[in-house]
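Each chain, letter by letter, is given below.
Number of protein chains: 2
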Amino acid sequence: MAEENDQDNSLRGVARPRAVIIGAGFAGLAAARELGNSEIDVTVIDRRNHNLFQPLLYQVATAALSPADISEPIRRTLARYGNIKVMLAEVTGIDPQAKLVKLDHGSSVPYDKLVIATGSEYNYFGHEEWRAWAPGLKTIHEARLIRQRLLLAFERAELSHDPEEKRALLTSVIVGGGPTGVEMAGAIAELGRFMITRDFRKLEPDHLRVILLEAGPRILAAFPENLTAYANRSLERMGVEVLTGIPVEAISKEEVVAGSMRIRTGCVIWGAGVKASPAGRWIGIEGESGGRIPVERDLSVTGFSDIFAIGDTALGLAADGKPLPALAQVAKQQGEYLGKALRLSLTEGKTAEPFRFRNRGNTAVVGCNSAIFDFGTWTLKGRLAWLLWAVVHVYLLVNFEKRLLVSIQWIWRYLTRQRGARLIDENAASFVPSSTQGTET
Amino acid sequence: MAEENDQDNSLRGVARPRAVIIGAGFAGLAAARELGNSEIDVTVIDRRNHNLFQPLLYQVATAALSPADISEPIRRTLARYGNIKVMLAEVTGIDPQAKLVKLDHGSSVPYDKLVIATGSEYNYFGHEEWRAWAPGLKTIHEARLIRQRLLLAFERAELSHDPEEKRALLTSVIVGGGPTGVEMAGAIAELGRFMITRDFRKLEPDHLRVILLEAGPRILAAFPENLTAYANRSLERMGVEVLTGIPVEAISKEEVVAGSMRIRTGCVIWGAGVKASPAGRWIGIEGESGGRIPVERDLSVTGFSDIFAIGDTALGLAADGKPLPALAQVAKQQGEYLGKALRLSLTEGKTAEPFRFRNRGNTAVVGCNSAIFDFGTWTLKGRLAWLLWAVVHVYLLVNFEKRLLVSIQWIWRYLTRQRGARLIDENAASFVPSSTQGTET
Numbered sequence: 000m001a002e003e004n005d006q007d008n009s010l011r012g013v014a015r016p017r018a019v020i021i022g023a024g025f026a027g028l029a030a031a032r033e034l035g036n037s038e039i040d041v042t043v044i045d046r047r048n049h050n051l052f053q054p055l056l057y058q059v060a061t062a063a064l065s066p067a068d069i070s071e072p073i074r075r076t077l078a079r080y081g082n083i084k085v086m087l088a089e090v091t092g093i094d095p096q097a098k099l100v101k102l103d104h105g106s107s108v109p110y111d112k113l114v115i116a117t118g119s120e121y122n123y124f125g126h127e128e129w130r131a132w133a134p135g136l137k138t139i140h141e142a143r144l145i146r147q148r149l150l151l152a153f154e155r156a157e158l159s160h161d162p163e164e165k166r167a168l169l170t171s172v173i174v175g176g177g178p179t180g181v182e183m184a185g186a187i188a189e190l191g192r193f194m195i196t197r198d199f200r201k202l203e204p205d206h207l208r209v210i211l212l213e214a215g216p217r218i219l220a221a222f223p224e225n226l227t228a229y230a231n232r233s234l235e236r237m238g239v240e241v242l243t244g245i246p247v248e249a250i251s252k253e254e255v256v257a258g259s260m261r262i263r264t265g266c267v268i269w270g271a272g273v274k275a276s277p278a279g280r281w282i283g284i285e286g287e288s289g290g291r292i293p294v295e296r297d298l299s300v301t302g303f304s305d306i307f308a309i310g311d312t313a314l315g316l317a318a319d320g321k322p323l324p325a326l327a328q329v330a331k332q333q334g335e336y337l338g339k340a341l342r343l344s345l346t347e348g349k350t351a352e353p354f355r356f357r358n359r360g361n362t363a364v365v366g367c368n369s370a371i372f373d374f375g376t377w378t379l380k381g382r383l384a385w386l387l388w389a390v391v392h393v394y395l396l397v398n399f400e401k402r403l404l405v406s407i408q409w410i411w412r413y414l415t416r417q418r419g420a421r422l423i424d425e426n427a428a429s430f431v432p433s434s435t436q437g438t439e440t
Numbered sequence: 000m001a002e003e004n005d006q007d008n009s010l011r012g013v014a015r016p017r018a019v020i021i022g023a024g025f026a027g028l029a030a031a032r033e034l035g036n037s038e039i040d041v042t043v044i045d046r047r048n049h050n051l052f053q054p055l056l057y058q059v060a061t062a063a064l065s066p067a068d069i070s071e072p073i074r075r076t077l078a079r080y081g082n083i084k085v086m087l088a089e090v091t092g093i094d095p096q097a098k099l100v101k102l103d104h105g106s107s108v109p110y111d112k113l114v115i116a117t118g119s120e121y122n123y124f125g126h127e128e129w130r131a132w133a134p135g136l137k138t139i140h141e142a143r144l145i146r147q148r149l150l151l152a153f154e155r156a157e158l159s160h161d162p163e164e165k166r167a168l169l170t171s172v173i174v175g176g177g178p179t180g181v182e183m184a185g186a187i188a189e190l191g192r193f194m195i196t197r198d199f200r201k202l203e204p205d206h207l208r209v210i211l212l213e214a215g216p217r218i219l220a221a222f223p224e225n226l227t228a229y230a231n232r233s234l235e236r237m238g239v240e241v242l243t244g245i246p247v248e249a250i251s252k253e254e255v256v257a258g259s260m261r262i263r264t265g266c267v268i269w270g271a272g273v274k275a276s277p278a279g280r281w282i283g284i285e286g287e288s289g290g291r292i293p294v295e296r297d298l299s300v301t302g303f304s305d306i307f308a309i310g311d312t313a314l315g316l317a318a319d320g321k322p323l324p325a326l327a328q329v330a331k332q333q334g335e336y337l338g339k340a341l342r343l344s345l346t347e348g349k350t351a352e353p354f355r356f357r358n359r360g361n362t363a364v365v366g367c368n369s370a371i372f373d374f375g376t377w378t379l380k381g382r383l384a385w386l387l388w389a390v391v392h393v394y395l396l397v398n399f400e401k402r403l404l405v406s407i408q409w410i411w412r413y414l415t416r417q418r419g420a421r422l423i424d425e426n427a428a429s430f431v432p433s434s435t436q437g438t439e440t
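Chains A and B supply the protein sequences, listed in that same order. Quick note on numbering that gives the first Met the number 0: the first sequence kicks off at 0 and runs consecutively. Quick note on numbering that gives the first Met the number 0: the second sequence kicks off at 0 and runs consecutively.
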C-alpha cells in the first residue's frame with residue numbers, strides 16, 4: 000500500500016505536519032483555503048473534480064444557467080496554494096489507529112489531522128425506490144436529469160392528442176417545502192409559463208400545474224411565520240399550488256399519491272429532507288439526527304482528538320445548546336474556523352477559542368423580484384430582498400469570470416425572460432413514444 | 000394514424016400548402032427561416048430539441064465552452080414564425096405515394112413538399128467497434144464524453160506512481176487530419192499544457208503527447224498546400240506530432256495500432272471521415288460517395304419531384320460538375336436557396352433559378368493566434384486569420400446573448416489562458432481504479 004506523502008517528506012528530510020480534508024464543498028474548501036501556503040502538507044480528496052455552488056443548482060435544473068457557470072475544478076480553486084495537493088478519488092475507509100485514509104484505487108494517505116467534510120444527501124425515509132422517479136438536487140447530474148425530464152414533458156405534451164395526458168405532462172410535483180422546494184416550484188412555474196406563451200403552439204398556460212407538497216404544517220419552517228405567509232402569497236400569484244400537511248405515500252413513474260390525491264405528473268422533484276453522508280461509519284459512528292457526526296466545541300469528533308467533522312455531515316451545537324442547521328453559511332464558518340485552528344495548533348502549538356456560529360442571514364428566493372431574508376432579529380422580503388439575494392449570490396460565486404457571466408445572463412434574462420440552457424441531452428433521441436405513456440393509469 | 004396538420008387546415012377551410020423539413024441543422028434551419036411567416040404550413044421535425052453550432056463543438060470537448068453556449072432550442076430559434084411547427088420526434092420512414100412522414104410515436108405528418116436535411120455521421124469504415132473507444136464530434140453527448148475522458152486521464156496520471164502509465168494517460172491520439180482533427184489536436188495541446196503547468200503537482204509538460212494521425216499524404220487535404228505546411232509548422236510548435244500516410248489498424252480501450260506503432264493512450268478521438276445520414280433508405284435510395292443522396296440543380300432528389308435533400312446528406316454538384324463538399328456553408332446556402340425556391344413555387348407558382356454555390360471561404364483554426372482561410376483565389380493564415388475566424392464565428396452564433404457570452408469567455412481566456420468548463424460528470428464517482436488500467440498491455 001503506497002503512502003502518498005512519504006516521498007515528499009523524506010526528500011525534505013523534515014516531517015511537516017499533514018492535514019487531510021475529505022470533501023471539497025463549502026466546508027472543506029474553506030478549511031483548505033485557511034491552510035493554504037502554510038508549513039502544513041494538505042491533501043484534499045474528493046470523488047468529483049469540481050466544487051459546486053449548490054445554492055444556484057436549481058437554476059441549472061430549470062435551464063437558466065449552465066453547469067459550468069456554478070462549478071469550478073477543485074484543482075483550479077486551490078492552484079495558488081503550493082502546499083495543497085488535490086486527489087480525485089473515493090474514500091473507502093479510515094484507520095484511526097494507523098492514521099490512514101484508504102482510497103478506492105488501493106493506496107492510502109497518512110494524516111496527522113483529518114477533516115471530514117463530506118456533506119449530506121437526500122433522505123427518502125426508507126423509500127429508496129422513489130429516488131428513480133423523484134431525483135433530489137445535490138449534483139450536476141441530478142440537475143441535468145431534472146432539466147431533461149421537465150423539457151421532455153413539455154415536448155411530449157405538445158405532441159399529445161389526449162387532453163388528459165397533456166395536462167398530466169404539464170403537471171410538476173415538488174415534494175418538500177424547504178428553500179430548495181420553494182425555489183424549484185417558483186422557477187418551474189416561471190419557466191413553464193414562459194415556454195408555453197412563447198415557444199409552444201398547442202399548449203395553454205392554464206394547462207400548467209406546479210404543486211408544492213409539504214408534509215408539515217407550513218412551508219419554509221425554518222423561517223419566521225410572516226415570511227412563510229409572504230412566500231405562500233408569492234407562490235400562489237405565480238400559479239403554484241401550495242399543499243401543506245400532506246405527506247407523500249407513493250411515487251411511481253407517472254404518479255404521486257399524497258393524502259387522498261392521485262396526481263398524474265410529468266416531473267417529480269424531491270426536496271423533502273437530507274441526511275448526513277455515511278462518513279461516520281468509517282470511524283464506527285452511527286451518527287445522530289439524520290446521521291450527523293456529533294462534534295465538540297473545537298469541531299473534533301467526540302472521542303477522537305485528531306479527527307474533525309464540519310459542514311452538513313457534522314452535528315455542531317450553537318451557543319444555546321441547540322443543533323446548528325445544515326446550511327452553507329454554517330459549513331463555511333466551520334471550515335474557516337477549523338482551518339485557522341489547525342494552522343494555529345500545528346504550526347504554533349496554540350489552541351483556538353471554541354467555534355461560534357454567527358448568523359449572517361438565512362435566505363430563499365421565491366421567484367423573479369421575490370425573495371425572503373431572515374437575519375434573526377429582523378427580516379426582509381420582496382423585491383429588495385431579491386436584489387440583495389442576487390448581489391450576495393453573485394458575490395459568493397468563486398471567481399471573477401463566473402460572476403461576470405452569471406450577472407450578464409441574469410440581467411439578460413430579467414430583461415427578456417429568455418432561458419439560456421434549455422438542452423435536452425442526447426438521450427432524448429431514445430424518445431419514449433407518447434402512446435406508451437398510458438392514458439388510463 | 001393521426002395526420003398532424005388536418006385539423007388546422009379543416010378549421011381554416013382552405014388547404015394551405017404543407018412543407019415538412021426533417022432535421023434542424025444549418026441546412027434545415029436556413030430553409031425553415033426562409034419559409035417563415037409565409038402562407039405555407041411548415042413542420043420542422045428533429046430528434047433533438049436543440050440546434051447545435053457544430054464548428055465550435057471542439058471547444059466544448061476541450062472544456063473551453065459550455066454546451067449551452069453553442070446550442071439553442073429549435074423552438075426558440077423558430078418561435079417568431081407563426082406558420083412553423085416544431086416536433087421533437089424520430090422519423091421512421093417516408094411514404095412517397097401517400098406523401099407522409101412516419102414518426103416513432105405512431106402518428107404521421109402529411110406533406111406537399113418534403114425537405115431532407117438530416118446531416119452526416121462519422122464513418123468508421125466498417126469498424127463500428129472502434130466507436131466506443133474513439134468517439135467522433137457530432138453531438139453534445141460526444142463532446143461531453145471526450146471532455147470527461149480527457150480530464151479523467153489527467154486526474155489518473157496525477158495519482159499514478161508508474162511513469163509509463165503516467166505517460167500513456169497523458170497521450171492523446173486524434174485520428175483524421177481534417178479541420179476537426181486539427182482543431183482538436185491544437186486545443187488539447189493547449190489545454191494539456193495549461194493544466195499541467197498551473198494545476199497539477201506531479202505532471203511535467205514533457206509527459207504530454209498529442210498525436211494527429213492522418214492516413215493520407217497530408218493534413219487539411221481540402222486546403223491549398225501552403226496552408227497545410229503552415230498548419231504543420233503551427234502544430235509542431237504547439238508540441239503536436241503530425242503523422243501522415245499512416246492508416247489506423249486497431250483501436251482498443253488503451254491503445255491505437257497504426258503502421259508499425261502501438262500507441263498507449265488515455266484518450267482517442269475520431270475525425271477520420273463522415274458519411275451521410277441513412278435517410279436515403281427511407282425513399283429507397285442507397286446513395287453515392289458516403290451515402291449521400293444525389294440531387295438535381297433545384298436540389299430535388301433525382302427521381303422525386305416533391306422531395307428535396309440539402310446539406311451533408313445531399314450530393315449536390317458545383318457549376319463545374321464536381322461534387323460539393325460537406326461543409327456548413329454549403330448546407331446553409333442550400334437551405335436558404337431551397338426555402339426561397341419553395342416559397343416562390345408554393346405561393347406564387349414560379350420556378351427559381353438553379354442553385355449555385357458561392358464559396359465564402361473555408362477555414363480551420365489551429366490554436367491561439369493561428370488559423371487558416373481559403374477563399375479560393377487567395378488565402379490567409381496566422382494571427383489575422385485567427386482574428387477573422389473569431390469574429391466570423393461569434394457573428395454566426397445564433398443570438399445576441401450567446402454572442403456576448405462567448406465573446407467574454409474568449410477574451411477572458413485569451414488574457415488568462417483559463418478554461419471555463421473543466422467538468423467531469425458525476426460518472427467520475429465510479430472512478431475506475433488505476434490499478435485495473437493494466438500497465439502491461
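In short, the hints are calculated from the structure, not lab data. Beta carbons: idealized from backbone N, C-alpha and C, even for Gly. Hints may contain errors.
Okay, the calculated beta carbon distance ranges per label pair [stated by the list, open to error]:
| # | chain 1 | residue 1 | chain 2 | residue 2 | range |
| --- | --- | --- | --- | --- | --- |
| 1 | A | Y413 | B | T350 | 19 to 29 angstroms |
| 2 | A | G283 | B | L414 | 47 to 57 angstroms |
| 3 | B | E128 | A | H140 | 20 to 30 angstroms |
| 4 | A | G81 | B | E128 | 53 to 63 angstroms |
Structure-based check of each hint:
1. At roughly 49 angstroms, the beta carbons of A:Y413 and B:T350 sit outside the given window of 19 to 29 angstroms.
2. About 51 angstroms separates the C-beta atoms of A:G283 and B:L414, a value consistent with the hinted range of 47 to 57 angstroms.
3. Evaluation of the 20 to 30 angstroms hint for B:E128 and A:H140 yields a pass: the beta carbon distance comes to about 28 angstroms.
4. Between A:G81 and B:E128 the Cβ separation comes to about 45 angstroms, which falls outside the hinted range of 53 to 63 angstroms.
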